[in-house]
Amino acid sequence: MENITVNISEHPQNRDITLLAVKGFIDTTTAPEFEKKFLSVLGEKKFKLVVDLKDVNYISSAGWGIFISEIKRIRNQKGDLVLVGMNPEVSEVFELLEFNTILKSFPNVEAAVKKGFEKP
Amino acid sequence: MNLFQLLARITSHLPLEPKRRNYRLEVEAKDIELLTIKDFVQRVCDAAGCTSKETSNIKLAIDEACSNIIRHAYKGKEGGKITLEMGISFTDLKTKIIDYGTPFDFQSIKDPDLNHYVDIGRKGGLGIWLIKKVMNKVQYKAYADRNELILYRRLSKAPPVELGLKGGRYSLSTKFSLGSAALILLLTLSAYFYLVNRQQTFVLRQQREDVTTLLTAVASEAGSQVALKNDLELDRLIRQVTKSDRGKILSYLFMVGPEGKYLANSDLTELFKPYVRPPGVEPCRGPGVQAFRIQSPHGPLTDYASPLYFQGQRVGEVHAGVSDASLRQLTDRVQNDIQRLMVGIALISILGLYLLSRIFIKPFQKILEGVQAMSLGDLNTKIEVDSQDEFGQLAKIFNDMTSKIQESQVGLMEQERIQKEMQVAQEIQHTLLPAEFPQIEGYEIGATYRAAKEVGGDYYDFFWVDPTTLGIVVADVSGKGVPGSMVMTMIRTAMRLEARGNKSASDVLAKVNQHVTSDMKRGMFVTMFYIILDSRNRSINFASAGHNPMILYRGKTREVYFLKPKGFPVGIDLPEEDMFIKNMTLQRVSLEKNDMLVIYTDGITEAMNLQKEQFGEERLIQLIKENPELTPAEFVEKLNEAIAQFTRGAEQHDDITVVAIKEKMKAEQVQFKFRKKLIDLVEKKGLTVAAACRQMNISPKTYYRYKKLFDEKGKEGLKPTRAKREIQELPQPQQQAVLDLAGEHPEYSPRQIADEIGKMAAPSQKPDPRLVLAFLKRKGLLASQDKDRNPESRRAPKVRRAPKTRKAREAPPAPASQEGHPAAGENEPQESPAGNAVDSVSS
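Chains as they are written, first to last, in my numbering: chain G, 537 to 656; chain A, 100 to 942.
Worth double-checking, as some hints may not be accurate.
[As the list claims (entries may be wrong)] Among the chain A residues that face chain G by a calculated CB cut under 7 angstroms, a handful are:
#1 D130
#2 L133
#3 S155
#4 E163
#5 S166
#6 L213
#7 Y216
#8 V217
#9 G220
#10 G223
#11 G226
#12 L229
#13 K232
#14 R599
#15 D779
#16 V781
If you're looking for bench data, these hints aren't it; they were derived computationally from the structure.
For every residue, glycine included, the Cβ atom is placed at its ideal position computed from N, Cα and C.
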């Protein structure tokens, strides 16, 4: 079942930023797969993460849970996790769940790389 | 917003359940079914006309709920069920999710504190919160046997029409009611106007008559009283009349004397005033009542006047006034009565029609629901309509239709299963076919295999009998599909097992037959052609188990021969165990340069074009004769093209298999080269005899034989001396000539036939009488003839006839029999005492 693919790459200009380009949907069935990839990136001590959700049409609570469960650890390591390219449906839930109070989001990767990792 | 939406809005605030269009789904509580659920929700949302955000939210909430049911209510155990009931109303979408697992305490679940989540790195438990966030109302009820989670989501726009019924979103009964109401209104309105008009005219006339009668009566009574000057009596009369029912309507009633004085007046205040004749009222002339229209200070009125007589003497006039206003009161009353009646009739009939239409349309709605359920994939829907009318018929037709669709779906599944089986068979078959062409010294080999659309039963294979000897088998299994492929697998295994080291083609086939016959289904059989190419000895032997003949093309003479050794097909349950081997003939042939052998299956000769013509042997022979210069690979390619051109778009019915083998050099040369190389290895390269023999894969005994020849005669001694092997078959045109002669002169002996043919052609072309005899025998016609060239029908009678003819005519079997040929190892069969000319060995 190919309901989710996660493409992990370094940002070409900023080598310390890691891009996670997700394709498909994140629900209870695919969340474990995504979490595995996500944790493996953290395992490599990469803590500046840009998650590209442009090709994601759907994120359930299992998916959202993954993002906030590790955010403290990431920030403790002076990193951050930002979301980019959410479509209107995903973005609506993001705001409904008040995740916008915790996570930063940007329209695209360029904006995220530029502003996402500034000191608050 | 239209009226209906408004009504729906209002009713949605009342504690009433709005009418809904319902959809239902039941799935097993498994993760994989979450996709099915999502798909279902998507379709319902589409039907409800949700925006993409609404759809996304509803999907999300239902997904969360179902995930929770799988994880928590059923704890991941298999076998649970989830039932989804979704209902669309004008304003919202209601989803009821039912599970039969462990209930949970819905009230105890609190909204999560996200900062706390961040602090402790928690990620679960967001589901319910999310559901509450994206839904407008959430209810949870735990019953004894089930739990229900009910979610409501308001919709921003009204759902589209249920079906493509024309005329907007009104239901059929509403439309019917509206239409009939309009009609009723129109009817009652016109009835009303007509009735009012008629009734008013009638009332007015009645009134006029009443007043006239009244006045006439008053006049006749009052005449004498006037004459008597009995004013009191006159006054009493007037009071009496104005108080009477008929007189109530009068505005005034008075009498005047001839001198213009009131004699009596209903209005006492006027009594002592002089009578002023109002304009328009003329003094009464003749007897009888006259009416005048006048304008009074109280509006227009009609003045009725009648003269008073006493004994033929006119003594005064009596006047009565009826005002229009009082008349209007009268007509208004009539109008009101009719109005009430009409409104009553209209209301009762509209209500009645609406109720009736509901009753009539109810079965239609049931049908509608059934069709909707079916459109969502539920083919078990049955519509229950009891009536015998058109709806009943429609429902019955619908039920028949769904069950037919269900049946055909089952049929389709069956077909799919068969197709899958065919695919499996095809895959098996393809893995059985050899992947690469073998390289064997001195021979060129080309092969082609083209599968028919359905799995055919062809199979061919190459394998090494020993390092310099190649076995090639071409077979055609009578059955198709998986059973055919299974048989093929068996044959292939048996062939590979038995072929190794066994240089007798007939022996191998016999052993394969022994292996597989007991395992093959009755009625199934395999025709096989097995040929063994010994590259070192340049000898070829072959046997056929009821297969198509092999074609030999002799390059030198450009003749074509059909080589068809006798043999039953493999897999036939023969009455005696050794009948198969006894009936089989082993033939040998030596090829010369540019000779070609073609082994094929009937897929070639029976390839059909659109006109149902078969490709046939003639075309095949023609093609071989026309292309002597081609390599086997090129030839089979050419043959493929020729068949494609011939069939030209007609579907291929059977597998096509061709193997072509061509001699590249003279057999003697190959043998000479081999022997020379062997000697050279020892003499020039200094290898030990043992090493040289190992390398060339021969026994030292053979080496020493060659060494002896070499020592005696030098290089010349290594050249093979043995005579060329003759082909044990009549050339193909001579076969025809023999058949013709045998037909014309059944009394001719084979020798006579040979002589006759010799006479017709050049003496050098005279056939060997022995071959003629063998040929006639093989054809089974020393007396009768059988010109049928179709290999199928040729094969069939032989199977029946062969045992008898064999016993009657065949020479006693050679002692070589089963073990037959000294196949083992390095012994060269050609140089064994079996000799040169004997090629057919009945094993």
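Per the CB criterion, is L229(A) less than 7 angstroms away from chain G?
-> holds, 5 angstroms
Report holds or violated for the interface hint on S155(A), using the least CB-CB distance to chain G and a cut-off of 7 angstroms.
-> Interface hint status for S155(A): holds (4 angstroms vs cutoff 7 angstroms).
Is the shortest C-beta separation between V781(A) and chain G less than 7 angstroms?
-> With Cβ-Cβ at 65 angstroms, over 7 angstroms, it is violated.
Regarding the hint that S166(A) lies at the interface with chain G, is the smallest CB-CB distance below 7 angstroms?
-> holds, 4 angstroms
Going by Cβ atoms only, is E163(A) closer than 7 angstroms to chain G?
-> holds, 6 angstroms
If you take the shortest Cβ to Cβ gap from Y216(A) to chain G, is it below 7 angstroms?
-> Since chain G brings a Cβ to about 5 angstroms from Y216(A), closer than 7 angstroms, the hint holds.
Taking the closest Cβ pair, is D779(A) under 7 angstroms from chain G?
-> violated, 63 angstroms
Against chain G, is G223(A) within 7 angstroms by beta-carbon distance?
-> holds, 6 angstroms
If you take the shortest Cβ to Cβ gap from L213(A) to chain G, is it below 7 angstroms?
-> holds, 6 angstroms
Against chain G, is K232(A) within 7 angstroms by beta-carbon distance?
-> Interface hint status for K232(A): holds (4 angstroms vs cutoff 7 angstroms).
When the least beta-carbon distance from D130(A) to chain G is tested against 7 angstroms, hint result | holds, 5 angstroms
Hint check: 7 angstroms Cβ-Cβ cutoff, G226(A) to chain G | holds, 4 angstroms
In the structure shown, a violation is registered for the earlier hints numbered 14, 15 and 16, in ascending order.
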